[in-house]
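Novice: Order-wise, the sequence lines are chains S and W. Each residue of the first sequence is one higher than the last, beginning at -13 in our numbering. Each residue of the second sequence is one higher than the last, beginning at -13 in our numbering.
Hint data in this document are derived by calculation from the structure and do not stem from the laboratory. Watch out, some of these pointers could steer you wrong.
Note that the list lumps identical chains together, so a pair holds whenever it fits in one copy or between two copies.
[As the list claims (entries may be wrong)] Here are the computed lysine to any residue pairs in the SDA-like style, where the Cα-Cα straight-line distance is at most 20 Å:
id	residue 1	residue 2
1	K151	L164
2	K321	N433
3	K28	D324
4	K2	Y14
5	K33	E110
6	K28	A421
7	K2	N55
8	K250	E214
9	K321	Q26
10	K33	I57
11	K16	N55
12	K33	R117
A quick note: this is a predicted structure, and the numbers were derived from the prediction, not measured.
Protein chains: 2
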Amino acid sequence: MDKEPFGGMDPEEFRKIGKEVVDWITDYLKNAEKYPVFSQAKPDDIKRQLPAAPPASPEKMETILADFNRIILPGITHWNHPGFLAYFANTASAPGILAEMLATALNVNGMLWRTSPSATELEELVTDWLRQMLGLPAEFHGVIIDTASVSSLVALTAAREAVHKRVREQGLSGRTDLPRLRLYCSEHAHSSIEKAAIILGIGQESVCKISSDAEFRMNAKALAAAIEEDRRNGWLPFAVVATVGTTSTTSIDPISAIADICQKENIWLHVDGAYGGTAAIVPEMRYVLDGCDRADSFVTNPHKWLFTPMDCSVLFTQHVGTLKQAFSLVPEYLKTTDGEVNNYMDWGVQLGRRFRALKLWFIIRSFGVDGLASRLREHCRLAQEFASWVDADKDFERLAPVPFSVVCFRYHPNGISDETKLEQFNSQIMEQVNATGEAFLSHTKLNGRYTIRIAIGNLATAEKHVARVWELVKNEVVKLK
Amino acid sequence: MDKEPFGGMDPEEFRKIGKEVVDWITDYLKNAEKYPVFSQAKPDDIKRQLPAAPPASPEKMETILADFNRIILPGITHWNHPGFLAYFANTASAPGILAEMLATALNVNGMLWRTSPSATELEELVTDWLRQMLGLPAEFHGVIIDTASVSSLVALTAAREAVHKRVREQGLSGRTDLPRLRLYCSEHAHSSIEKAAIILGIGQESVCKISSDAEFRMNAKALAAAIEEDRRNGWLPFAVVATVGTTSTTSIDPISAIADICQKENIWLHVDGAYGGTAAIVPEMRYVLDGCDRADSFVTNPHKWLFTPMDCSVLFTQHVGTLKQAFSLVPEYLKTTDGEVNNYMDWGVQLGRRFRALKLWFIIRSFGVDGLASRLREHCRLAQEFASWVDADKDFERLAPVPFSVVCFRYHPNGISDETKLEQFNSQIMEQVNATGEAFLSHTKLNGRYTIRIAIGNLATAEKHVARVWELVKNEVVKLK
Chain S
-13 MDKEPFGGMD PEEFRKIGKE VVDWITDYLK NAEKYPVFSQ AKPDDIKRQL PAAPPASPEK
47 METILADFNR IILPGITHWN HPGFLAYFAN TASAPGILAE MLATALNVNG MLWRTSPSAT
107 ELEELVTDWL RQMLGLPAEF HGVIIDTASV SSLVALTAAR EAVHKRVREQ GLSGRTDLPR
167 LRLYCSEHAH SSIEKAAIIL GIGQESVCKI SSDAEFRMNA KALAAAIEED RRNGWLPFAV
227 VATVGTTSTT SIDPISAIAD ICQKENIWLH VDGAYGGTAA IVPEMRYVLD GCDRADSFVT
287 NPHKWLFTPM DCSVLFTQHV GTLKQAFSLV PEYLKTTDGE VNNYMDWGVQ LGRRFRALKL
347 WFIIRSFGVD GLASRLREHC RLAQEFASWV DADKDFERLA PVPFSVVCFR YHPNGISDET
407 KLEQFNSQIM EQVNATGEAF LSHTKLNGRY TIRIAIGNLA TAEKHVARVW ELVKNEVVKL
467 K
Chain W
-13 MDKEPFGGMD PEEFRKIGKE VVDWITDYLK NAEKYPVFSQ AKPDDIKRQL PAAPPASPEK
47 METILADFNR IILPGITHWN HPGFLAYFAN TASAPGILAE MLATALNVNG MLWRTSPSAT
107 ELEELVTDWL RQMLGLPAEF HGVIIDTASV SSLVALTAAR EAVHKRVREQ GLSGRTDLPR
167 LRLYCSEHAH SSIEKAAIIL GIGQESVCKI SSDAEFRMNA KALAAAIEED RRNGWLPFAV
227 VATVGTTSTT SIDPISAIAD ICQKENIWLH VDGAYGGTAA IVPEMRYVLD GCDRADSFVT
287 NPHKWLFTPM DCSVLFTQHV GTLKQAFSLV PEYLKTTDGE VNNYMDWGVQ LGRRFRALKL
347 WFIIRSFGVD GLASRLREHC RLAQEFASWV DADKDFERLA PVPFSVVCFR YHPNGISDET
407 KLEQFNSQIM EQVNATGEAF LSHTKLNGRY TIRIAIGNLA TAEKHVARVW ELVKNEVVKL
467 K
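All chains, full assembly: derive it from the sequences and hints.
Specialist: Given below as structure tokens:
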């Protein structure tokens, strides 16, 4: 038997160990709760246990797996733990894991249709399923990209191309015919938007951050005024990024009003629904995407709140032609005679494209659309529960509305108004809760106020976990007194 | 038992099916050769067999897997087939698959040190192992990025930052103080370099493509002359991209001579060794990176020729400070109190970062450095063998040197000099060989000549496969006569 495809391992050894790994994964997912969710490792704890130089000779897989358990695992912060409530919680669901196992073994690069017709056609199909689930019009076409950071970069590259200034050919620098480009987003937009502006050569100073209302939503009137003033001052407004589910508070920008402005001003509207977008799968939450049918591009991340293992971000656009115009570049060695097929390499930055459609297909089929909706609905219900506990406690205050599954709150006892002191209290509460290993929370600042966030998004998170966090927080408050 | 972490599947059902999937993978890797390497599917063959709308209710995993086998598999081009000899062949080796299974289950996002210390520290360690294996100096620090397309984009963003023109803050457009930026690469550089120039706002016309010598290597004198002329004409040269292992012929640019020029001119040197770089692991091939110790950045892709499942590209740089200066952007919700730790989100575009270090660690340990080197050495030997058959046959000609594991050749019988006719012959030979399902080849053009490429890079490819390709090619030639 030729061992080579297995790379030194015997095929039957791979089969045996592969099944042990499946046992490990099954037990891990059943018992993730038994690990401290937030790794207790100190800097360099992991690295100093590992040899600084690579081994010349092969090591046994048993040894490697033993080291994985002994050294690596204690340095893992458990994103699949039901007490993971930081940032945006996510899940590697079982159907997604099975699909990733197959995709990894196939190791397809879906750059061209011919390099695996199934990869391209399943990506077309499954992104269209998602489009239907979100209630977006049929004019939107989807492409799977690794992360929303890159999806938004791709969308904004297309937006820049759409201003028809031969930017692709001539670039931006040293040109007398080209005014400074201007990009708009709210002060609560994700940092990836500003990063995209840096990469694209727009510059951070050319990102105009529009103020928000009391509920952290972009002020549409301020947007209109800013565009008008910028035009007067010789800027070239080229894109607005609105957000459905901002990172700090999950606020929803007024997309319809923003779309009105973009339409009137002929500016590309990109909507970042990386987290919040998938909530539109829940019929009674469909409204969160109101107005998005008029967006030029829209991104949502199944790897955030649709139980898909990292990474999987879906970018939709009504202007595939513009996207391709911005990105398509076909050297001789990638030319084909396949005719009118879709080569996804033309849609973005990356030439190497993993077969990510497979996991999304497995997940949508295994959960069913109603099954996905019921999980998202439950997460939102849990958030409402938590919010009600906060609201009912006179020593706490809620700092933002709860349109999705994230609650922003802080400890704020009567009589204390010093922000520094409140920050000290709340950061201490959070760090102490995180140190218990039972829950992992993160923070933000809202109007200068230090804010604890609880973000519910893991499949395994149930009412008992959320209740336990509230208990842990209250325990820490007692210690402060 | 709480089923929720498994997303509707029963844990024991997941365990059982997971093991069936391991059986499937084992049998697949053992028998990949029995599938047609190049999918015989016609456009829409896959999509039309699948329902256009997503299911409302859950479907059984057995049904989904049956559809995977019945519908998806026939539309797969088998990158793990030993007859896959197109583009750059790659491999999802067994140790890499095991690691990906674990990484998928953990579903870690290594954006911050604290979001999994092991992910960050193992990435530091394993990229340093790779650095040692390649013989790069200790001044190089590594980061794992999804693809070389993004790695080069990141490197060139840092290069742009290094010219100190406040590009990050002010961007490129509408500025009177900023000359047009100029980027240099050979005419054989990968298309991703031009794509990066488009994205960065440099523009395609600002990519100066330096001519090559008879062996497809960048002409260093022409580079020096171009820079000098551009400076005279008011351009601002900011980066040179040299290649170790160009895509068409795997030629190696004269890195030392180019480094001399870059040093003298104070221009960032980025080396694209996405394919060829890993060959430096072979002691007697260490020379392929001669001069790369003086590069400012260097990229190589373990997912190309180091048996690592997609995706895994390693970017090295001697200027981590500049990289961070270009990219670091830390909103409040990502601020930590962890002190002097490395947060890899500061090193590039993406915030979401899969735990890719794990597979590289498994692979290096399971193969051992010598084991990896012996496989690469064998691939190069096979290429030399194939080249010798081409050279010995008067009806064929070899169109480029063979420094690595790729052979460029064509059928060129005596008396035929019409390039159109030769292209017709050779494209027909290639398409017919691909249609057999036994081998998958791709093509390029060299000095206007249609060229067939055979790229050896899959672990399972042995002498018999290479010999069979030669037989298939010769069979097609007989049919032409």
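Novice: Take the hints in turn and mark each one as holding or not.
Specialist: Going down the list of hints, with the structure as the test:
Both within a single protomer and between protomers do K151 and L164 lie at most 20 Å apart by alpha-carbon distance, with minima of 7 Å and 18 Å respectively. With identical chains, the CA atoms of K321 and N433 are at most 20 Å apart between copies only, with a shortest distance of 16 Å across copies and 53 Å within one. Proximity of K28 and D324 under a CA criterion of 20 Å is satisfied inter-copy only: 9 Å between copies versus 54 Å inside one chain copy. Both within a single protomer and between protomers do K2 and Y14 lie at most 20 Å apart by alpha-carbon distance, with minima of 18 Å and 15 Å respectively.
Taking CA atoms no more than 20 Å apart as the test, K33 paired with E110 passes between copies only; the shortest distance there is 8 Å, against 42 Å inside one copy. Taking CA atoms no more than 20 Å apart as the test, K28 paired with A421 passes inside one copy only; the shortest distance there is 12 Å, against 56 Å between copies. Taking the shortest alpha-carbon separations for K2 and N55, only the intra-copy value of 18 Å comes in at or below 20 Å, while the best inter-copy value is 23 Å. For a Cα distance limit of 20 Å, the shortest separation of K250 from E214 inside one copy, 11 Å, qualifies, whereas the shortest one across copies, 47 Å, does not.
For the identical chains of this complex, K321 and Q26 are inter-copy neighbours only, at 18 Å across copies versus 51 Å inside a copy, given an alpha-carbon limit of 20 Å. When the C-alpha separation of K33 and I57 is checked against a cutoff of 20 Å, the pair qualifies only within one copy, where the shortest distance is 9 Å, while the shortest distance between copies is 45 Å. Within a single copy, K16 and N55 get their C-alpha atoms as close as 16 Å, which meets the 20 Å cut-off; across copies the closest is 29 Å, which misses it. In this homomeric assembly, K33 and R117 come within 20 Å of each other (Cα to Cα) only across copies, at 16 Å, whereas the closest approach inside a single copy is 44 Å.
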